[in-house]
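For reference, the chains in residue letters:
Protein chains: 2
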Amino acid sequence: MTTYTAPTNDMAFILHELLEIEKQEIPGYSDMTPDFTSAILEEAGKLNSEILHPLNTVGDTEGCRLENGVVYTPKGFKEAFNQIRSGGWPGIDCSPKYGGQGIPAVVAMQTSEMFASSNQALAMYHGLTHGAQSAIIAHGTDAQKETYLPKMISCEWTGTMNLTEPHCGTDLGLMRTKADPANDGTYKISGQKIFISAGDHDLADNIIHLVLAKIPNGPKGIKGVSLFIVPKYLINSDGTLGARNGLSVGSIEEKMGIHGNSTCVMNYDGATAYLLGEEHKGMRAMFTMMNEARLGVGLQGLGQAEVAYQNAVSYAKDRLQGRNITGAVYPKKTADPLIVHPDIKRNLLSQKSFIEGARAFTSWSAMLFDKYEREHDHDADGIVSLLTPVVKGFLTDIGYDMTIQAQQIYGGHGYIEEHGMSQFTRDARIAMIYEGTNAIQALDLVGRKLGKDNGKHALSFFEIITNFIKENKDHSELNEAFLDKLKVGSKDLQAASMYFMQNGIKNPYDALAGSYDFMHMMGHVCLGLMWSKMAKISLLKLEKNCSNSEFYETKIKTGKFYMERWMPMTSLHLNRIQSGSETIMSMTAENF
Amino acid sequence: MTTYTAPTNDMAFILHELLEIEKQEIPGYSDMTPDFTSAILEEAGKLNSEILHPLNTVGDTEGCRLENGVVYTPKGFKEAFNQIRSGGWPGIDCSPKYGGQGIPAVVAMQTSEMFASSNQALAMYHGLTHGAQSAIIAHGTDAQKETYLPKMISCEWTGTMNLTEPHCGTDLGLMRTKADPANDGTYKISGQKIFISAGDHDLADNIIHLVLAKIPNGPKGIKGVSLFIVPKYLINSDGTLGARNGLSVGSIEEKMGIHGNSTCVMNYDGATAYLLGEEHKGMRAMFTMMNEARLGVGLQGLGQAEVAYQNAVSYAKDRLQGRNITGAVYPKKTADPLIVHPDIKRNLLSQKSFIEGARAFTSWSAMLFDKYEREHDHDADGIVSLLTPVVKGFLTDIGYDMTIQAQQIYGGHGYIEEHGMSQFTRDARIAMIYEGTNAIQALDLVGRKLGKDNGKHALSFFEIITNFIKENKDHSELNEAFLDKLKVGSKDLQAASMYFMQNGIKNPYDALAGSYDFMHMMGHVCLGLMWSKMAKISLLKLEKNCSNSEFYETKIKTGKFYMERWMPMTSLHLNRIQSGSETIMSMTAENF
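Residue numbers (the working numbering), protein chains in the order written: chain A, -2 to 589; chain B, -2 to 589.
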């Protein structure tokens, strides 16, 4: 059996020492004192370790089942979901106007990470609801907000996103689902949607589907797509539930993982639908959900890596195997624990240094998100939109890989389902795919975000790094172990950007062939920046003879590892990018 | 549904153009003409694509079941296994004295790859038997050989390896299974073994377990381990099957993949056992099996990558999604196929260039193996023993990663079990773990093989590369695209070896902390060498205006990709190795 303990100490460090949230002049932040956030983190931690994580294996083993058109979730999910609801967790950062608690995203991000760690499949039911309510907040009419938001924020009703169809996922312009206008201002939706997470289940009284469809005679392709609200049960004017809408579950998919979440084929057969936002502007509305969802998916990469790491560490401490090369560490035991071996430490440090860097990175992104949401700082928005594909693509790629490394620590026992390490990898695998495959994230980054507003946000990003290096150049210990390496990484990233600018215009293939490497490269630079900042804080603390010096010493060691072993990846990626697209594009389809 | 087509063209290229086997003066090689090998490859290819691969999903879905102490394999496995047997495939490279066909390993390696691609779980039943028969050939008495080999080579009986116990896998010195001497020269074995692949099943009349156990009062630890033959059914003096031996299946493990292979907990309860080889020399005998098994497991990494790649290519050609960035390639279709997109080509080329390089590498290793087996060339043995951990560790790590990349091409459809791409990744995952985790391979490489015989074999390996570069330095096209890059990789590898020699003696942690990176580095240099050789041959063919120029042109393009995008990994690995062990070893167990 696996266990999960919420990393509340590290979260508090990030919130109050790295980001110093209570000192920021962002509306709502001054209330976020260490005492206040600690109460939230402790409470969420308890729920996640004691209630939700023990159901993780149950969800995996039992899965969801479809019987006579009704989807049943695994045993215990209903009770656990009730506890999530009664704790107010789904609405923690939602608008108080509709029953949310209005806590900043930067704090909510920590609780989301816990949910993503403890039980990803279960967390998706309220996670997707959050995305749907955000789209309604951003694009709904007042009446729509009144009707849906309170119930969605409390998760009395849950939400979904319906994009994919059997023949199209990435290229939504090929969509076939139709929305025929009725006489009363509503629409009738017909078509099939697939891969609908939480598409049906027994956890909530109603399910509010947000569905992309084409209104006949609209613009062709992606420009003719509109977004609709399609409730499972129609809602009477007094807010009570009315007739069942014309939609049904075709089947539940058999998946590699996240078995506890029902992934449905949804059939719409003249279902009554309400336009959300403007006609033919569905993609814009959908992107509100999507960007939020992408940050959330990035968090899943981190979350699964964290829980897998925790279990790998405890196995490495318990399992006696072999002897330390320079002599027994525990001569009285039959063998030394795995954790004495350098390669095991290396593996665990890879995981730890990624995870803690990633946590700082997602938290920083959430703070930028708050800056935009709460004080309309468009520069912050520009940077967060630049970082979003990196959070999604990089954290889920490496996060997945780290679950594999954690599984590896278990040897053969990791391959046996009984120990639960396989589930972490199988669950983490989806995050590289959904909400836009990671290849799409890389295209978004290089093709759209990098040059957006004449490259203004990319320049701001580089400036943040350059300024940080400049401001701290006199600190020799920081310089040698961190800043010098960050500088190299950042220069590599700038060189890659230059390469795209110089070559990408003449030959867009050169940019596209390097997009994936660029996304990873930028990920390492972001984590390198985070580690440099965390190291600075830790060094300062130690200089002041703080009491819990071990925490800060460990931070520095972990960060050093990142700079030594992960940061040199940027040079590899640059090398690959600069090899261009000639070889790649010389391959015809027949050559493969 | 997935499909599999044996890559017979590429195999023929490797056998007859790269290795020119029919021209080698190795006993038995002169018969291996292109006509002869082509008959073998075609026949094996047919069996694997038409009979074995269609059962791959069946095996995954149905799994094995244990009922009243009897293990049943999935539907169709029995008939398929009969076909494998009747074709003589299990004994293709076994001794003709005992019914084998005596075909060189270099050719048998190609058919083994096919089995590993088409249905890894099924192939393990005869694959493990092969390993067991090799141990009996090498260490058995004449009577043991007469009794077991003919039936094992025909797979009328199958074999297993019993090493792992619940509390020990890597560290077999901790073993508790006991072998008490009986009065008649036999032993009575008692204990529990776990993770026994093909431990029981309904495919063969008898199962010959090779079991490691300790004879009481022998030397402590690993030096007191002996190897035993323990048949499921005892064998009468006339060769017929006698009484059931004192062993039973405790349970079948629920695994992440290879469901079609029964992974058993085996309980030995005073089972009659026959010593194989000498008392207390069990590990030496076991290593005969192990080294062969490690090459075979490396092949699984390649095999699963190949079949996953084939399906990814066909999906990328079929699936219409998005438009080529510089204008539609198929304007009449609703969209262009995935394969027009640069990042898709990049992904597929990563797979293809790894696979073809790996195929050359395993085949070259097999030829070196033959040189030792057939003409007792100890230098060849030295190199193949140096390469074995690289074949196992590097090919299964990257092979696994390539199945993930292939799955990624499918987007959401890759995550659904229906399409079969998930199975390739789940099946491939085990190869990084069994027969010694890849971390153990890295330790074997750096801790034992690199310095073996005063580093003689490592020097020979470097000489092969240096000589090849020297001999071909006048070929400018080869030089620029291949040899220059190979030289850099090889220098990086030598620098890492130097680092180990200079630092590893003072501080063995420095060597161990870099072992994993070294293994990967060496893998890339091996594949870089293979690609340089294949490119040379292809360039020569093109200079001579050969008829099938497209094949050679594609080879060169694929090789160029490897040199551009994979070879720069060596510099990353060197960088990591040279960062030493200080940071890693500064972490105490409590710091994690």
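Because the hints were derived from the structure by calculation, they are not lab data.
Please note that a few of the clues may not be correct.
A pair holds if it fits inside one copy or across any two, identical chains being indistinguishable in the list.
Once the Cα atoms are required to be at most 25 angstroms apart in a straight line, the calculated BS3-like pairs of lysine-lysine come out as [unchecked claim]: (1) LYS142 with LYS488; (2) LYS541 with LYS467; (3) LYS20 with LYS175; (4) LYS278 with LYS538; (5) LYS449 with LYS142; (6) LYS330 with LYS217; (7) LYS278 with LYS142; (8) LYS20 with LYS503; (9) LYS453 with LYS488; (10) LYS217 with LYS470; (11) LYS20 with LYS142; (12) LYS43 with LYS314; (13) LYS220 with LYS175; (14) LYS20 with LYS220; (15) LYS175 with LYS185; (16) LYS470 with LYS278; (17) LYS467 with LYS330; (18) LYS488 with LYS467; (19) LYS185 with LYS94; (20) LYS72 with LYS20.
Every value quoted in this text rests on a predicted model; they were computed, and no experiment measured them.
How the hints compare with the structure:
Within a single copy, LYS142 and LYS488 get their C-alpha atoms no closer than 47 angstroms, and across copies no closer than 65 angstroms, so neither meets the 25 angstroms cut-off. Proximity of LYS541 to LYS467 under the C-alpha cut-off of 25 angstroms is restricted to the intra-copy arrangement: shortest distance 23 angstroms within a copy versus 60 angstroms between copies. In this assembly of identical chains, LYS20 and LYS175 lie within 25 angstroms of each other by CA distance neither inside one copy nor across copies; the values are 50 angstroms within and 67 angstroms between. When the C-alpha separation of LYS278 and LYS538 is checked against a cutoff of 25 angstroms, the pair qualifies neither within a copy, at 51 angstroms, nor between copies, at 57 angstroms.
Taking identical chains as interchangeable, the C-alpha atoms of LYS449 and LYS142 are never at most 25 angstroms apart, the minima being 32 angstroms within one chain and 74 angstroms between chains. Taking identical chains as interchangeable, the C-alpha atoms of LYS330 and LYS217 lie at most 25 angstroms apart only when they sit on different chains, with a minimum of 15 angstroms there against 72 angstroms within one chain. Taking identical chains as interchangeable, the C-alpha atoms of LYS278 and LYS142 lie at most 25 angstroms apart only when both belong to the same chain, with a minimum of 19 angstroms there against 77 angstroms between chains. Taking the closest pair of Cα atoms, LYS20 and LYS503 never come within 25 angstroms of each other, the shortest separation being 47 angstroms inside a single copy and 50 angstroms across copies.
Only within a single protomer do LYS453 and LYS488 lie at most 25 angstroms apart by alpha-carbon distance; the minimum there is 17 angstroms, versus 42 angstroms between protomers. In the homo-oligomer, the alpha carbons of LYS217 and LYS470 never lie at most 25 angstroms apart, since the shortest distance is 55 angstroms inside one protomer and 57 angstroms across protomers. In the homo-oligomer, the alpha carbons of LYS20 and LYS142 never lie at most 25 angstroms apart, since the shortest distance is 33 angstroms inside one protomer and 80 angstroms across protomers. For a Cα distance limit of 25 angstroms, the shortest separation of LYS43 from LYS314 inside one copy, 24 angstroms, qualifies, whereas the shortest one across copies, 49 angstroms, does not.
Taking the shortest alpha-carbon separations for LYS220 and LYS175, only the intra-copy value of 14 angstroms comes in at or below 25 angstroms, while the best inter-copy value is 74 angstroms. Proximity of LYS20 and LYS220 under a CA criterion of 25 angstroms is satisfied in neither setting, with 44 angstroms inside one chain copy and 64 angstroms between copies. In the homo-oligomer, the alpha carbons of LYS175 and LYS185 lie at most 25 angstroms apart inside one protomer (8 angstroms), although the nearest pairing across protomers, at 74 angstroms, exceeds that limit. For a Cα distance limit of 25 angstroms, the shortest separation of LYS470 from LYS278 qualifies neither inside one copy, at 49 angstroms, nor across copies, at 61 angstroms.
For the identical chains of this complex, LYS467 and LYS330 are neighbours neither inside a copy (51 angstroms) nor across copies (54 angstroms), given an alpha-carbon limit of 25 angstroms. Taking the shortest alpha-carbon separations for LYS488 and LYS467, only the intra-copy value of 14 angstroms comes in at or below 25 angstroms, while the best inter-copy value is 36 angstroms. In this assembly of identical chains, LYS185 and LYS94 lie within 25 angstroms of each other by CA distance neither inside one copy nor across copies; the values are 31 angstroms within and 77 angstroms between. In this assembly of identical chains, LYS72 and LYS20 lie within 25 angstroms of each other by CA distance neither inside one copy nor across copies; the values are 44 angstroms within and 66 angstroms between.
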